[in-house]
Structures are given as C-alpha cells and as structure tokens.
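Below are the chains, spelled out letter by letter.
Number of protein chains: 2
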Amino acid sequence: MTQISTKPPSGMRDFLAPDLARRRHVVGIVQRVYESFGFTPLETPTIENLSTLLGKYGPEGDQLLYRLLHRRERLARALEKGSPTELDLADEGLRYDLTVPLARVVANYRTLPAFYKRYQIQPVWRADRPAKGRFREFYQCDVDVTGTRSPLADAEVCGAVAQVLRELGFADFTIHLNHRELLRALVLEAGIARELESTALIALDKLDKIGADGVRDELAQRGIENATAAALLAGLEAAREPAFLAQRAQRDDSPGALAARALSELLELIAAGPAAGRVVFDPTLARGLSYYTGPIFEITVRDLAGSLGGGGRYDDLIGMFLGKQVPAVGFSLGLERILLVMEERQMFPALAFGPQVVLCRFADVPSAAAVRVATLLRGSGLRVEVFPETPALGKQLQYAAGVGASHAAILGAKELAEGVVALKDLRSGEQQSVPLADVAARVGAAR
Amino acid sequence: MTQISTKPPSGMRDFLAPDLARRRHVVGIVQRVYESFGFTPLETPTIENLSTLLGKYGPEGDQLLYRLLHRRERLARALEKGSPTELDLADEGLRYDLTVPLARVVANYRTLPAFYKRYQIQPVWRADRPAKGRFREFYQCDVDVTGTRSPLADAEVCGAVAQVLRELGFADFTIHLNHRELLRALVLEAGIARELESTALIALDKLDKIGADGVRDELAQRGIENATAAALLAGLEAAREPAFLAQRAQRDDSPGALAARALSELLELIAAGPAAGRVVFDPTLARGLSYYTGPIFEITVRDLAGSLGGGGRYDDLIGMFLGKQVPAVGFSLGLERILLVMEERQMFPALAFGPQVVLCRFADVPSAAAVRVATLLRGSGLRVEVFPETPALGKQLQYAAGVGASHAAILGAKELAEGVVALKDLRSGEQQSVPLADVAARVGAAR
Numbered sequence: 001m002t003q004i005s006t007k008p009p010s011g012m013r014d015f016l017a018p019d020l021a022r023r024r025h026v027v028g029i030v031q032r033v034y035e036s037f038g039f040t041p042l043e044t045p046t047i048e049n050l051s052t053l054l055g056k057y058g059p060e061g062d063q064l065l066y067r068l069l070h071r072r073e074r075l076a077r078a079l080e081k082g083s084p085t086e087l088d089l090a091d092e093g094l095r096y097d098l099t100v101p102l103a104r105v106v107a108n109y110r111t112l113p114a115f116y117k118r119y120q121i122q123p124v125w126r127a128d129r130p131a132k133g134r135f136r137e138f139y140q141c142d143v144d145v146t147g148t149r150s151p152l153a154d155a156e157v158c159g160a161v162a163q164v165l166r167e168l169g170f171a172d173f174t175i176h177l178n179h180r181e182l183l184r185a186l187v188l189e190a191g192i193a194r195e196l197e198s199t200a201l202i203a204l205d206k207l208d209k210i211g212a213d214g215v216r217d218e219l220a221q222r223g224i225e226n227a228t229a230a231a232l233l234a235g236l237e238a239a240r241e242p243a244f245l246a247q248r249a250q251r252d253d254s255p256g257a258l259a260a261r262a263l264s265e266l267l268e269l270i271a272a273g274p275a276a277g278r279v280v281f282d283p284t285l286a287r288g289l290s291y292y293t294g295p296i297f298e299i300t301v302r303d304l305a306g307s308l309g310g311g312g313r314y315d316d317l318i319g320m321f322l323g324k325q326v327p328a329v330g331f332s333l334g335l336e337r338i339l340l341v342m343e344e345r346q347m348f349p350a351l352a353f354g355p356q357v358v359l360c361r362f363a364d365v366p367s368a369a370a371v372r373v374a375t376l377l378r379g380s381g382l383r384v385e386v387f388p389e390t391p392a393l394g395k396q397l398q399y400a401a402g403v404g405a406s407h408a409a410i411l412g413a414k415e416l417a418e419g420v421v422a423l424k425d426l427r428s429g430e431q432q433s434v435p436l437a438d439v440a441a442r443v444g445a446a447r
Numbered sequence: 001m002t003q004i005s006t007k008p009p010s011g012m013r014d015f016l017a018p019d020l021a022r023r024r025h026v027v028g029i030v031q032r033v034y035e036s037f038g039f040t041p042l043e044t045p046t047i048e049n050l051s052t053l054l055g056k057y058g059p060e061g062d063q064l065l066y067r068l069l070h071r072r073e074r075l076a077r078a079l080e081k082g083s084p085t086e087l088d089l090a091d092e093g094l095r096y097d098l099t100v101p102l103a104r105v106v107a108n109y110r111t112l113p114a115f116y117k118r119y120q121i122q123p124v125w126r127a128d129r130p131a132k133g134r135f136r137e138f139y140q141c142d143v144d145v146t147g148t149r150s151p152l153a154d155a156e157v158c159g160a161v162a163q164v165l166r167e168l169g170f171a172d173f174t175i176h177l178n179h180r181e182l183l184r185a186l187v188l189e190a191g192i193a194r195e196l197e198s199t200a201l202i203a204l205d206k207l208d209k210i211g212a213d214g215v216r217d218e219l220a221q222r223g224i225e226n227a228t229a230a231a232l233l234a235g236l237e238a239a240r241e242p243a244f245l246a247q248r249a250q251r252d253d254s255p256g257a258l259a260a261r262a263l264s265e266l267l268e269l270i271a272a273g274p275a276a277g278r279v280v281f282d283p284t285l286a287r288g289l290s291y292y293t294g295p296i297f298e299i300t301v302r303d304l305a306g307s308l309g310g311g312g313r314y315d316d317l318i319g320m321f322l323g324k325q326v327p328a329v330g331f332s333l334g335l336e337r338i339l340l341v342m343e344e345r346q347m348f349p350a351l352a353f354g355p356q357v358v359l360c361r362f363a364d365v366p367s368a369a370a371v372r373v374a375t376l377l378r379g380s381g382l383r384v385e386v387f388p389e390t391p392a393l394g395k396q397l398q399y400a401a402g403v404g405a406s407h408a409a410i411l412g413a414k415e416l417a418e419g420v421v422a423l424k425d426l427r428s429g430e431q432q433s434v435p436l437a438d439v440a441a442r443v444g445a446a447r
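Chains as they are written, first to last, in the numbering used here: chain L, 1 to 447; chain R, 1 to 447.
FYI, nobody ran anything at the bench for these hints, they're computed from the structure.
If you're wondering where the values come from, they're calculated on a predicted model, not measured in any experiment.
Any given hint could turn out to be false.
Since copy identity is lost for identical chains, a pair holds within one copy or between any two.
[Said to hold, decoys possible] Dumping the calculated DSSO-like pairs for lysine-lysine here, alpha-carbon to alpha-carbon at most 27 Å:
| no. | residue 1 | residue 2 |
| --- | --- | --- |
| 1 | K324 | K7 |
| 2 | K395 | K324 |
| 3 | K206 | K81 |
| 4 | K81 | K7 |
| 5 | K7 | K132 |
| 6 | K395 | K7 |
| 7 | K132 | K81 |
| 8 | K395 | K206 |
| 9 | K209 | K132 |
| 10 | K132 | K206 |
This is chain L alone, in the form it adopts within the complex (with noise of 0.2 Å):
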C-alpha cells in the first residue's frame, strides 16, 4: 500500500475543535460588533475570474495568484497551440483579497443601498512563501462603506475595528492615520520626480521593518538619490512636530494642505468614538496597496512587529468595474494575527466545546435503550456523547475524561429500570443516582 502525505500542503492548516473554538470566538465578537455599527454581512465566492483580480494589485500581487487549469478540451487546445502562457491555461483565480470582489459586487447589484455599508469574514489566498505566521490561506475581517465621501464613513469603519478590539481585550492598540496626499506632497517637496511617487512609497511602507537606514538602501535601488532619500526622511520626521498638521492645514489651497485640514477633521470625528485616545497621525504610515486615494489606516499593537489590520479610502477602485467613480473606504483585520497576539497573551476566556456528558453502559444494557437515553438528555440541550462499545467501565470512563467531558453517565439494568443514571462527576469523581429529568440541572449547575 503506497503511503500518501497525511499532512495539509504547505502554507495550509487543519483547524481541530480547540483552534476552531478560539477562532469562532473572535469571528463571533467582530461579527456582533460590525453588525451593531449597522454593517450587513456578504460572502463572495472562493473562485473568481482572473479579469477580475489582475491588475488591481500591482505586479507582485498578480505573481501571487493562484490561477485554476483549464480542463479537458480547454487545456487541449491551449497545449497545442505552443508556448502557452499563464493566460492560456487559467481564466479563474482564488480570491486574493476581499476589497476586489467588493468592488465586482457594487458594481454588479444595482439594488444595493445608496450607501453600502458590508462587512466580510472570509479566507483569501496567496501563493507567497510560507513563513511563521504568515500562511497561504487567512482569513480576513473586513468593513467598507462605499456611495460616500463623508469622513464620518472613514470615522465609522475605525471606530468599528477600535469596538471589536476593546471587545476582543486589547487594552494597548493605536491607529495610525495618514492621508495619500499630503504623503505625496511631502514626497515632491523632497525633490522626487511625480512618476517615482509609487515607488517610493512601495518603499517608505518598509520603514517599520527595515528602519530608516533600509528606506534609504531601497530608495537607492528604486533610482532616488541620497540626498533626495534624506530629505524625504527628514520631511516626514520634521512633520511629527504636533503643530505640523494645523500650520500645513492653513497653509494655501494645495492637496497637501487639503488633505492636512481632512485628516484634523478625521482625528477629531474618531476621537468622538471606541477609538477614542487610540488614534495618532503618522506621516510616514504608507500602505503598500496602490488603491487609496485619501486618508490611510493602520492598526497596531505593542510588542508585535507589523500591523493587526489597515485601510484607507479608494475612491477609484469600484470605477474599475461599473465604468462610473463609486466612493468607498474600508478597513481590514487580519484574523491570524489577532489570534496570534491573543494566544501569545493568554487572552482567551475558558471556551466550552466537546460532549459534556459521555453515557457509558454496561454490556447487558441494550445498544437501543443508550441510544433512547441519549435523546432524552440531548432533548434538555445537553452535548451527549454515545460510547459505542462495551468494554470494562474503566476504560470507557478513562476515555469520556479524555475528550473533556465534565460527567459521565453510567447506565446499568438497574438504573435502566429506575429510570436513573449514575452520574460521575468526572473531576470530584463523586458518584450519585440521579432521576434522567434532573441530569441537565446537574451538569449545568456543576460546570
């Protein structure tokens, strides 16, 4: 018999009851929370066309598509014209991100509210090198509010974000906020040419990874001089300084200085709100995605290098799609690294999952009346495992400690007759005769 691989591909994870418990946990916080801002739920499908997703992400991001084969007559075909290319092979993909497939939905459903308030829980995929903590397939948490250009759509979608982690327990996270384009003022005061813009941010995103020294190698290698390099750097620095947003605010008229007034008018709509205190204006946050187009988000917690999550606003995006500009901004939380930080911290309250009671029995007691006493206790809403066997009654208590049950239930032809079990308390070990209709109270109340 030739042996398969039982392990999960590479980058990819089984996910048993205590990883599930703790996730479902966390997804069942931001759900409740994305739905009091008023946020409804989408899922979107697993496989999209690729002229949906290329194009939206820049190079690297259509590098790491996964892209489906073509079948049967397709594949045929695109084999024997010669020298096919990716493009001959696959027109699906995986979904890459949630905020594209958002994008195809607005433009898609016409019925939808004039301002589309949605909220998206679902894994993305990317075929990027596994490495720990960063898989192939994630789960994102995702909030957009598109049809407007109102900061209060960008306040609300951090405040939600702000709600779910003060939800979750983290007491010691920040927001950081930016806008495109004062970054993109700061970036041509410093003498670099408009169409190296994109670049250098590509690069200035890395400055919490690679420090200012790497920006200024990276920069290099991106066809920025030294001195161009230590200006920018100096300008962001300088633009720490707190009075730098007000006096940039009143300067003139210029989009640099809009975006100064907007973002003064940001901070003080989400200090209104659950973020309250937790948000700070961070001139060289950057965001590596190339759709924003005005204020930029990113959240963080102490001791983790990167973010939680991050957003912005991309009023230019759903364009792309309906062939007229929809508004929208949204902010995403990355599930794997929440739960990450929360196991990390020991943030998780006891969660209950597994049968609480396992009914055992005695060989002479008939398989059917088992399965009769089980109904009756899963009828008072207790989770009731069977044991399907009859062994000696050690073993088949030894194995409903195993799987965490807090009681078992014996059942002898005595106890069948009376219309009673023996329920052990599988932690004290105590022993007591008790009525079926009172087994759901017990427990319970013992738990």
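Dock chain R against the given chain L, drawing on the hints supplied.
Okay, now just chain R, sitting in the frame of chain L:
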C-alpha cells in the same frame, strides 16, 4: 475604460445579507444539533495535494477536480519538457468533498480520540456543468464517527441528521437504508458477473432519476444482458416484501445474510432515536461513491427529486492514508438542497439583520455629535447606522426605511442639547422624544 464582467464566474454565487441570514439560520441549527450529539468541529484547507484527492472518487470525480496551475519556475519547467499533462502542470487541487480530508486528518493526528466524532460544514468545489440548483461551489454538512464498527455509530449519524431536519421544521423526511453487502448478494444472484458489480451499482444508483427502463438500458450499455437486468430488478422488487429482511437474515451465514441481520439491528437502533418512524429499508438504494463497505443511507423529502443528503460506512478509506484499517461511518447533508426546499416551502422564520436604527440629523448637528450618540446607542445593544451626510430629512428617512430599519433616531440641535432623540417608528409613523438611555427599550419593545 474597459468594462470587466461583474458577474461571479459560472456556477458561483455572491451571497448578500438576506441569503446569508437564511444560510446562517440553517447552519446554526445544524451546528447546534451536531454538537448536542457530541460531535466536535473540524475545518480543513481549501487546497489539498492532488495525491490526497486523486483516485478516491472514481474516474468521473478525478475529471471534476479543480487543479491549481504551477507558478514561475515550476510552470516554466513543466512547459519546457513538451507535451505536458495535467499532472505536470498542477499538484494541488480544491477540496472535492469532506470525507477524504477527514480520512487524511485521522491518519495525520495521532492524538485524536479513539472514536473521533467530527462535524464539518464547509464548501466543496466540483467543475461540473452548472444547472438549476447545481453549483460549482456548494456547502456540505458532514458528521462522521471513526474508530468503531459498532452499529450504534451508524445509528447516531442517522439520528443527528434526522434531528437537524426536525429542528429545521421538516415533518416528511425519510431515511432510506440499504447495505452494500446485501446489494452485492442480490446482484450476484441475478447472474451478474463479479467484475461487473461496480458498474451495475452505478447504473442502479440512477433508478429514482431514470426509472426501471432507463436502468435496463444503462445496464445494457454496461454489458449486462436484458434478461439479467430484468432478473436484478425483479429480485430487488421482491426484496421490498416486508418479510424479506427477516427471512434473509435467518437463511445462512453468507455475507448477504449477515448484512440483512446487521440491517435489522440498525433499523431497530435508528428507531430508538430521532429518526423513529422515518426510516425504511430500500433494497434499490445504491449510492454512487465507490468507497462504501456496509450500510448506506439517503434522506429524501416528498416532492424533491434526488436527496437532501446521504452517507454510509466506509471501513477502508482511512487505511488508504494510514496503512492500517480504521472503520468509519458518516452522513452528509447538502446545504443548498435544504435551503432550496425551505425557500419553496416558506419554512424560514422572520430573520433579523441590518440596522435597527438609522441615526439621521439636521445639517447643524456636528458629525462628531452623531458619532457620540451612535456610540452610546450601540453600547445599549442596538444595531445603529449613522446616515453619513445631511440632505433633507425626508431623504434620510426614506433611506432608513429602505435598509429595513424599524426606527429612525433624528437629531437636531434641540435634541442634542436635551440629551434626547426624536425616535420615529418607521412602520407606524409615530414619533416621540426619547432620552438616549431609553431608546433601546423602545426599539426592542416595538420589534
């Protein structure tokens, strides 16, 4: 600007909020019932190695697998070598069902309980021709017990799905029960050669779709003579006689007779649980999948061609991964079928989603004040959306009714000063001044 198609790919669906309310209603009940039977959750990755998937579902299954195209160097190498096959171009694919991943998991994690009772509710993907009610991405809701040959496990998986259907509101379901060994005996007795047995079962599996004449034609195509086919159908018809199972059980110790005994015992066990009165022996039930080895099940409701789900015992599948045999039995409910019937029969209760209150305001109320009031109302447990702009009040109220909110909370300078909102019931039109602390009680009482 080039228009990109905004539809999901063929066979795929977007789920908007009303769809998800219905899906979550059903999944919530499935999950609760499965857990009440002591099953614990498992989730496996979307992507599996092709070595895990290939050869488990039969040749048709292999053809319907989605395969993921190699990238960069691996793709280049595959194409260089000339006349590449599917296996040169891909070594990973999408999950095709939930049973094979379970078998891989049981083989991989040696710390699982001796009787691993897992449930799994996840989508699967099949590159099938889409049709009405048939999708390429669809959800299955599986329960399985591994590690025991006890018929109690078979009865428990049948009991769990029966209880799910009961709690969903189905009063007319039937579990059809048969046994692969009994079927095999009847096939051989009809004079069908042992090597044609599998192909005969595939034809027989279509009986409820294409009728006896259709099966006879299909058997003929598969090399089984008309007289033999007629004998098989007559034998199966005779097996419907009420006394058949008892007579066959007593006949001898042949595999067919042992299977009849096992079925009699299982019928009795199932009748002791939630499927009481809803289980029948059906000698024509065949099931398409090749891995079944013992009892097989299918669950149907009146007026629906095809089944809501099915399953059976498969004692050899895990051994294909583990190298040693681990018996197993399971039942799979099809979520899409259940939703289809529940929608046709209007079986859904009223499902609440979306904001309960839309906060509207006059233009002289600052946005920050609206955020503060919304934060307060959310803190009292309400789902609150803030209208992000300040057009005429009538337009804001119209929007609030459109998104299904029961109330609008209207904020003017006067209300703001007094710590109240003008709370408008959007159904009755009634409007009252209500202190912020009382809004939740008013809205709750009105629902």
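Taking the hints in turn, this is what the structure says about them:
{"no.": "1", "hint": "K324 to K7", "result": "between (47 Å within a copy, 17 Å between copies)"}
{"no.": "2", "hint": "K395 to K324", "result": "between (69 Å within a copy, 23 Å between copies)"}
{"no.": "3", "hint": "K206 to K81", "result": "neither (43 Å within a copy, 40 Å between copies)"}
{"no.": "4", "hint": "K81 to K7", "result": "neither (37 Å within a copy, 29 Å between copies)"}
{"no.": "5", "hint": "K7 to K132", "result": "within (17 Å within a copy, 36 Å between copies)"}
{"no.": "6", "hint": "K395 to K7", "result": "neither (30 Å within a copy, 57 Å between copies)"}
{"no.": "7", "hint": "K132 to K81", "result": "neither (42 Å within a copy, 34 Å between copies)"}
{"no.": "8", "hint": "K395 to K206", "result": "neither (57 Å within a copy, 45 Å between copies)"}
{"no.": "9", "hint": "K209 to K132", "result": "within (16 Å within a copy, 51 Å between copies)"}
{"no.": "10", "hint": "K132 to K206", "result": "within (19 Å within a copy, 49 Å between copies)"}
Comparing the model with each earlier hint shows violations of hints 3, 4, 6, 7 and 8; every other hint is respected.
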